[in-house]
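Chains as they are written, first to last, in the numbering used here: chain A, 1181 to 1363; chain B, -3 to 291; chain C, -17 to 942; chain D, 392 to 656.
If you're looking for bench data, these hints aren't it; they were derived computationally from the structure.
On a predicted model such as this, the values are computed, not experimentally measured, just so you know.
Where hints are given, some of them may not hold.
[Said to hold, decoys possible] Only pairs whose alpha carbons sit at most 30 Å apart, straight line, appear in this in silico DSSO-like list of lysine-lysine: (1) C/Lys356 / C/Lys479; (2) C/Lys(-9) / D/Lys441; (3) B/Lys84 / A/Lys1312; (4) C/Lys628 / D/Lys649; (5) C/Lys585 / C/Lys572; (6) A/Lys1222 / B/Lys1; (7) D/Lys649 / C/Lys940; (8) C/Lys628 / D/Lys477; (9) C/Lys936 / C/Lys814; (10) C/Lys942 / C/Lys857; (11) D/Lys600 / C/Lys942; (12) C/Lys814 / D/Lys477; (13) B/Lys205 / B/Lys251; (14) C/Lys206 / A/Lys1254.
[Stated by the list, open to error] What follows is a list of derived Cβ distance ranges for each label pair: (15) D/Asp536 / C/Ser101: 39 to 47 Å; (16) C/Pro144 / D/Gly453: 54 to 62 Å; (17) C/Asn314 / D/Thr621: 54 to 62 Å; (18) C/Ser926 / D/Arg537: 40 to 48 Å; (19) A/Glu1268 / B/Pro158: 56 to 64 Å; (20) A/Cys1284 / C/Thr765: 37 to 45 Å; (21) C/Ser202 / A/Cys1284: 42 to 50 Å.
Note that beta-carbon positions come from the ideal geometry of N, C-alpha and C, so glycine has one too.
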Amino acid sequence: MDRQYKVVHCTINGKKVEQVVDVRASLTDMLRNDFRLTSVKKGCEVGECGACTVIINGEGFNSCIYLAVWAEGKDIWTLEGLTGPGGELSDIQQAFVDEGAIQCGFCTPGFIMTSWEIVNSGKEYTDDELRKALSGHLCRCTGYENIFRAVKKTMLRHLGKYDEAELVNSQGITEYPEPMPFK
Amino acid sequence: MYDIKALYEAESLDHAVRLLQEHPSAQILAGGSDVLVQVREGRRAGVELVSIYMLDELRGVSIDEEENIRIGSLTSFSHITNDPIIQKYINVLGEAVDMVGGPQIRAIGTIGGNTCNGVTSADSASTLMAWDAVMEVTGPEGVRRVPIKDWYIKAKVVDLRPAEIQTAILIPKESYEGCFGHYIKYSMRNALDIATTGCSVNVRLSEDKKTFDRVRIGYGVAAPVPVRAYTAEEFIQGKEITDENIKEFAETVLKDINPRDSWRAGRALRRHISVVMAERALRESISLAGGVVNG
Amino acid sequence: MISCTINGKKRSFDVSPTMRLREMLLLNGNYAVRDSDDAEGFCGSDTVLLDGTPVFANLVLAGEVEGCEIRTPDSLGDSLHLSIVQQALIDAGVVQSAYNAPAAALLMTWLFENNPNPSREDVKDILSGIFIRDASYEHYYLAAELIKEKLAGGEYRTEIAPEFRPHLKAIGKNMPKVDAPQLVSGEKAFVEDYVVPETNYMVVLRSPYAQAYVNKIDTSEAEKVPGVLKIITAFNCPDVTYMSAGQGNPEPSPHDRKLLNRKVRHVGDRVAAIVAETLEAAIRARDLIEVEYEPLDAVFTVEEAMAEGAPRVHNGYVQYNSGAPADLDEYNKKLSGDEREGKVVYQFPLHGDILHNVAAANHGGIGDVDAAFKESDAIVEATYQTSQIQHTPLETHICFARMENGRLIVHASTQVPYHVRRIIGWITGLPENKIRVIKTRVGGGYGSKQDILVEDLTAYAAFITGKPVLYHNTREEEFIANSTRHPMRVHVKMGGKKDGSINAIYMKVDANTGPYGNHALTVPMNSCSKTLPLFKCDNMKYDLTIYYTNIPPAGAYQGYGTPKGTYGLMMAMCELAEKLGVDYKEMVLKNHVEEGYMLNILKGLGEGREGNVVPVGSCGLREAVEKGCEMIEWGKRVESDDPDWKIGKGFAMIMQGSGLPGLDQSNAICKLETDGTVIVTSGAADIGTGLDTIIAKSTSDILCMPMERITVLSGDTDSGAFDTGSYASSGTFFSGNAAINALTNMKNKILAEAAYQLGEEEDDLELRWPGEVHSTKTGAVLTYYDISHTATSGTGHGQLITPGSYTTMASSVPYGAHFAQVAVNIKTGEVKVQKFSAVQDAGTPINPEAALCQMYGAALKSIGHTLYEDMKLDKDGRCVNANMTDYGVPMISEQPDDFKAVLIDVDDYHGPFGAKSISEIACNGAAPAIGNAIHDACGVWMRSWPMSPEKILKELGKIK
Amino acid sequence: MATQLLMAKSPEEAVNNKTATAAFLAGGTEVNRLGSDIAVKADMLISLKKCSGLSDITEADGYITIGSMCTFQDLIESDTVPCYLKEAAHFMASRTKRNMATIGGNIASLRSDSYLIPTLMAVGAVLEMEGNNGSCRIGIAEYVDRSEADALITSVTVPKEIKVISRRFANTAQSHAVLTMSAALTEEGIWLDGAVKNVGLLHFCDLEKAFREDPDISEEAIIEMVRVCTGLHTADDMFGSDTYKRYLIAVTAYDLHKRLVGKEV
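Isolated chain A, as found in the complex (with noise of 0.2 Å):
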C-alpha cells in the first residue's frame, strides 16, 4: 500500500505555510520535522502528558493526538511564536523564569502554550479554577507550586493588578494586608 500525501495550508507562529504531509503524520511530527518547531515536545503521545501542547485557533490542544492533515486552515501558534523578533522573551515566559518554574524544562513549551492562553483570557481565574485550567500537564521536577505562581502573577498582571500580583507568596496564596475581602 503507497503512501497517501496531501497538502496542508495553514498558518504557524503567524505565518502562512504550505507542506506536503504524510496522512498518518501527527501534527506534533509535522511541526518539529518538517518546521523543524522542535519546542513542540512528544512525553507519552497519547494525550496524557501536555508536553506537546500548541494552540489551535485560540484553544490548547495535544498536538500529539491530532492529526496533521486536521490543521488545515488552522492558525497554530507554538513556543517559538512567543519570542520577540529580537529573541525577546514573552512576559508569561519571563515569568516562568522569575519563579524558577523551570528545572529541566521539558514540559515547559507545554506548560507555556496553555499559560499563553490563559494570561490572555482576560479572565480572572480563582486558584482552584487557575489550578483546574493548568492540570493537563504533568511536570515531575518543580512539584506545580512555582508554575502556578508565574503563571497567577502574569494572569494579574495581563488584568492590570500589578500590585495584587506583588502579593502573591510563595505558595501562590495573595495575601492582603488586612484581612481578605470578600469575594
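Go by the hints and put chains B, C and D onto chain A.
Coordinates of chains B, C and D only, in the frame set by chain A:
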C-alpha cells in the same frame, strides 16, 4: 507517524456514510482521543479510518422544534460545558464532561465518541443514562433514534449498525423540564484519570417541594455498561424528602448495581461508595431543586 | 522525478531537471561533494564519478543523470574503515587542510581501478583536474607508489620521509595525522557541514566605487521581499571602531573601521548586509536596495597615495589610546572631521600620518650606512615591485552563528578563535563568557583566516535577530573583499668589498596596505626583521612607510612580508656578487650569520615595540646552502638542445621566526580520564598543518603511552584555554611548548599520586610504556587506569588535571635556502621551472612527512606569486580577473618536474623537542631564487612580480 | 534561468526543438560554467548527451570523421584520431574537463582562445551540420565567418596525413590562452590560423603569402610586418599589451614555418 493503513476524510455526512459503505472494515474517527490512542498502543494498529472531524454540521447545541435539547455528536466536551442551553437546562452534563481527562483532551474529545466507545466509565454516559437521553444515528437507511437504555448492548458494544454514524444526542423536554441533578466522579486523581465509579442523580420535586415527584439515578462502572438503579427510583417515587427516605433510597441502589473487582478497585469498595455517592448526589440535587430535607 | 543510483543505492528526487547535480547530491546528504569555484569547473572539489568517469558535478544537470550511476567521495570508506587509497594519502602526508582531499582520493581510486600500475604521467594526468593549495602535488606521486606496493605485497617499501630523534617513539616519526581519517573520508568537518537546515542566509551589497561617501540607503523596497529578516547598514550598525586583524591586543594596527562604514574605500567594500530566510530572497532584496553614493577620487599605488594633494583614504580624525603626540589637536584640525569618515584610533604610536595617506611607518638600523657606502668597492641599487596576491584557500570564508540560551555560538573557519571572540565582543557588547567560538576544521587559511573578515558581520546578524545565520563568500568575494599580500616597493642599496663581504645595506620599503590598516605596520616590518638578520653586516638601515590606498584589502599571507624583503635583498646580493666578480655562493657563505652571532639589528625591529637583542640560536643555514648547491649542481653550466631555451640556476637563503616573543601566549589543559587515557585540550588552532598531531605525539612521548589512547581537542573557546592563535609560525613553538608544560605537570602529578597510592618515594618511581608507573625499588606497577580509577573514587584525591602555559622572550629562528633551475625561452619569454629544491632547518621535524608537504605547498604557492598569480585592477580599482582561471594559480602542470624538499637535522634549545617553524619560511625563497636563475639564464634582472613572458621580452629588448 | 531540459534522442529532434530561446547543451563545460549567460538567457536547454550517432569516429579514404559529441578525452584515447588533433586536445590541461568537453561544443563556442579551432582551420576541416532543412557540409573557415545559431554540428572531418604543428601561450596551463596558433603544410604551401584572445579566430593570409613568396624571409621582417599590420585589432588588456601580442604572433608564425618547411625538421 500513526500505523494506519488508510485515512478517508469525509467532506459531508452523506460522503461519510458512503465511505463507510465502500470500506466496510473502516472505523469512524471523531476527535481521536480514544481511537488514535489505541492505534498508538497497537490495539487498532493498521486500521482503516474514516475521519469525520471536519464535519462542522455535527457540532453545536440547540433546542429543536420538539423542544428536545439537541447536542451534535461532534460537539467537544469544553464547548458543552460552556454552552448556555446546557448550563440552563442540564448543567450537570456540563459538569460531568468537565471531568473528562484534562483541558486539552476536553478540547478535542467529542460526546459522540464518548458514548460510541461503549465504555461504562464514560463520564457523560451515566448522566445521559440518568436523563433518558436518545441517540440519533444516521445511516444508509436514513435516521434512527435509540433510547440510551437500549444503546449499550454489552461492554464496548453499542447499537450502531454497519455504515451508521451517531449524529446527535437528544434530551426530551419531559426529561429535563423542572429537573435538577448532580454528578459525582469518584477517581484517584482530579484530572487525567478514569472514574473508579460515577454516580449521577436528578430530581423533580412536587409543587410544594416537599415530596419527590421523580428521582433518577445512573451509574458508571457499576456494571459492564452504564445502568439505572430502578428499584431505588421506584422506592422513593412520591415519598417525602426525609433523611430516612434518602438513606433507604441510597441503600436500595445495591439491588440494581453489580460492580466487579478490577485492578482499579475492589467490588466491596465500589458497593460502599455507590451508596455514599447516591445519598450525596441526591441531597445536592434536592438543594439545587430548592427542596429542604425534613423541611 | 529523476531517479539514479548513488553509491550503489537507488535514489529518486523530485527536483528541477536544470538543478546542478551537486545541489541534488547535497539533498542526498553527500556533502563531501564541495564547491571551491562557484561552478567554474576549475578546482575539482565537486568531482564525482558519472557512469565511471570523473566529472565536475557543478557542470552536470540533474536531468542528465536519469538512470545513471554516480559515485561520490564519501563512498570510499569512513574514518574507521579507510580504503588503501585513503590510507596511502594519509601516510604520504598530503591530507592537510584537505577541503577537497575526498575528491582527490576519489580520483586516485578511479585511477587505480582503471590502471593498477599507473606511471607518474598517469598520476599527473588524473590530478590535472584538481587544485591542491596546501601540500602541492609531489607527495601524491609518493602516495601512488605506496598504493602500488600495498596492492602488490601488502607493505610499503618506499621511504615516506626521513625520521628523526630515534630515542623518541612518536616525535620525529612518520605517523598518520590525527584528523586525517575524518578529512580524507569526507565526514562532517568544516563549518558548512554543521549548518542547521533551518538556517537563515546573509549576503552583502558591495560598493561599485573604489572610494565614495554613502549618503543615503533606501531599503524600503528590499524589506518588502517576503522572508527578509534584517538589513544592516552603516546607519543602524553599532558605533564601534575596530580593526579586522587577528593580533594580540593592544594590536599594532590602527582601529580604522566599523562593521559598515559611511565611506566605502574599495570596490567590494561592505555597503549593506541582508539577512533572509532563503538565499534567493536575500539576493533579490540586495538588488532592490537603492544607495546614494557620492563618488570620490581614489588612489591605487603608493606613488599616487604619496603624491602631493592626493585624495585621502582616511580623513576623519585621529585618536590615541596611549602615547598621543602633543600636537594631536592641531593635527586633527587639518583633517576634515567629517563624521562619514569615521576615525582612526592608534592603540600606541605607529607613526601614521593619515594627512598623507600614511597608515604606519618605522625607521631604524645599526652602524652608519652612508659612511660604509663610501668604503664599498661596489654598490648596487634597484627597486623591486611586488604584486597583489590572493591566498585562494579551497574553502572560501564562511561563518555560521546562532543564539543558544542568550549565548552567541559562532562556528568559524579561523586561525584565531580567541581574537574572533574578543572582536565579536566589542561589536555586540557581549562579554566573552557569552560568546563561544568553535573553530571547526579549516579548508586552508594561509593567513587569510587570521583576519576577522566575515565572523564580525555574521555573529552580529545572529545576535540581533536571535536566529541562526550563515554567510559564505563567493569565490569572487574571496578576491575583492578578503585580504591579500601587501603590494610593496622594495628599494635596496647594497655595498660590498672585493673579498665578497657586504659592508652596507639600505632598505627603503613603501608598502600598500589598501583601505584598512589591518597588519599595516607588522607585514612591512617583517620584510626587514626577517631578512636583515641573515647578514653579518655592521651597517644596515631601513625606512618603512606604509600607505593607505583604495585597492582591495591587504592583510596577512603566509610569509607575512618576508617573501618581498627576501626577494629584494637576495636579488641585490646576486647583482652585487656579479659586480664584484665574486661567486654568489661564496658571497652567501661569507655573509650569512651563524650560531652565537649577536643580532643587534633586532633592536628597532620589535613588533611596534622595543625589539630584544639576542644571539643567533640553532642555525642550519650553512648545511642548507651546501646541501642545496650540491643538489642543483651549483656552478655546472647546463645547456639545452633548443637554441631558444636558455637554462640558469639561482638560489636564496631564507629565515622566518617561530611566533612573537614577548607577545604570544599559549595554554593547554591535560586531563587523565578515569580509564587512564588522556585528553589534552589546547587553545591552538590546527588549520591543517598537523598541530593537533604535534600535541598528541608530545603526549605519547612524555607520558610514554600509545597514540590511540590520546585525544587532542582544540579551537573551542568554551573548552580550551587562551591561545593567541595560528600565525607568525607560532603554532608548533608556542602551542607545542604550552602542551609540553601541561604534560610535564601531569607527569609529575602522576608520579606524586602513584607515590601516595604505593606508599613509596617519588624518586624511585618512573613512567614507562605503554602508560604505567614502575617502582625501580620494589618493582611494583600501577597502570594509569589504576591511578586514575583510585584517584576518582569516593576516597580519591580527585581527577588528575594539569594546566600548562608558555610565553618566552627567546626566538627560535628557522633557516634554509631554496634553489631553482629554470629554462627561459628568449624568443617567447616563457619560463619553465625545471628543478626546485627546498632545503630547510626546522629544528626537530615532529611530523616529517607533513613538514615536507608544507615545504612543497609553500614553495609552489611562491612559484605562483613569482611567475603566474596577479590580481589585476582596472583604472577604477575593480579586479578584472577575480576568478580562478584568470587569476593564474599554479596547478600540477606548473609544478617543477624535479621538485625536492630536504630537512636539515638541527636541535633547537627552546623549541618543543627542539622543533622550529616550517611553513611561512618556505614562502620566502622562490621569487629571488627564480629571479637569480632567470638572470643566470638570459642576463636580465626581473625586478617585479610576476616575471611574465612579456616583461622578460621587454627586459631582453625584444619588445618596447 | 532555464528550467526545462530536453534529452534529445536524435539530431533531428534536437534541431526541431531549437527555438530562439533554447540552447544546445553538449559537455556543459561552457554552457553551465560560471560567467556563461547562455543557460541564464535560455528557457530550455537541449542536451545532446543521449543523442544517437554523434560520438563515433570513422575513417574513409584518408579522412577521419569525428562525431561532434566526442569528448576531448575520446580524441586522445582513440587510435584513429590523428596525432596533431590529440596535441590540440591536450591544450585543455584539466583531465576532468577533457572527460566532459566535446569537440562540437568547442567549435560552436567560437571562443577567441579556442583549443581546437586553429588546428581545424589549418587542416581545412569540414563540418557536417544538421539544420531545419536537413544536413549540409561547410568548411570550418566559412562556419567561423557566419555560423548559423540554430544548426547543430554533427561531425567534423579532417585529413589523416598532414603535417601540422600547433602552439599555445597561456599564463598557466589552465588559464585562457592569449594566443593559439597552428600551421599546416599543404600543396599550395603553408596554411596559418590562430586564435588571439579578445580579438578572434584569424586566418593569417598575409603571412602565408609572405612565406610562400620568400621562404627564407627573416624573422625581423615578419615581426615588422605584424607590428604595422592594421588588419589586426589587438589591444592592451589583462592578457598582455598590443606590442607583446603582435610580437608573439610574429615569432610564433616564423617558428612554425621554420619547423614545418625548415631543413632540420
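Verification of the supplied hints:
no.	hint	in the structure
1	C/Lys356 / C/Lys479	holds, 11 Å
2	C/Lys(-9) / D/Lys441	holds, 23 Å
3	B/Lys84 / A/Lys1312	holds, 23 Å
4	C/Lys628 / D/Lys649	holds, 20 Å
5	C/Lys585 / C/Lys572	holds, 24 Å
6	A/Lys1222 / B/Lys1	holds, 23 Å
7	D/Lys649 / C/Lys940	holds, 19 Å
8	C/Lys628 / D/Lys477	holds, 28 Å
9	C/Lys936 / C/Lys814	holds, 18 Å
10	C/Lys942 / C/Lys857	holds, 22 Å
11	D/Lys600 / C/Lys942	holds, 27 Å
12	C/Lys814 / D/Lys477	holds, 23 Å
13	B/Lys205 / B/Lys251	holds, 27 Å
14	C/Lys206 / A/Lys1254	holds, 25 Å
15	D/Asp536 / C/Ser101: 39 to 47 Å	holds, 43 Å
16	C/Pro144 / D/Gly453: 54 to 62 Å	holds, 58 Å
17	C/Asn314 / D/Thr621: 54 to 62 Å	holds, 58 Å
18	C/Ser926 / D/Arg537: 40 to 48 Å	holds, 44 Å
19	A/Glu1268 / B/Pro158: 56 to 64 Å	holds, 57 Å
20	A/Cys1284 / C/Thr765: 37 to 45 Å	holds, 38 Å
21	C/Ser202 / A/Cys1284: 42 to 50 Å	holds, 46 Å
Going through the hint list in order, the structure satisfies each hint without exception.
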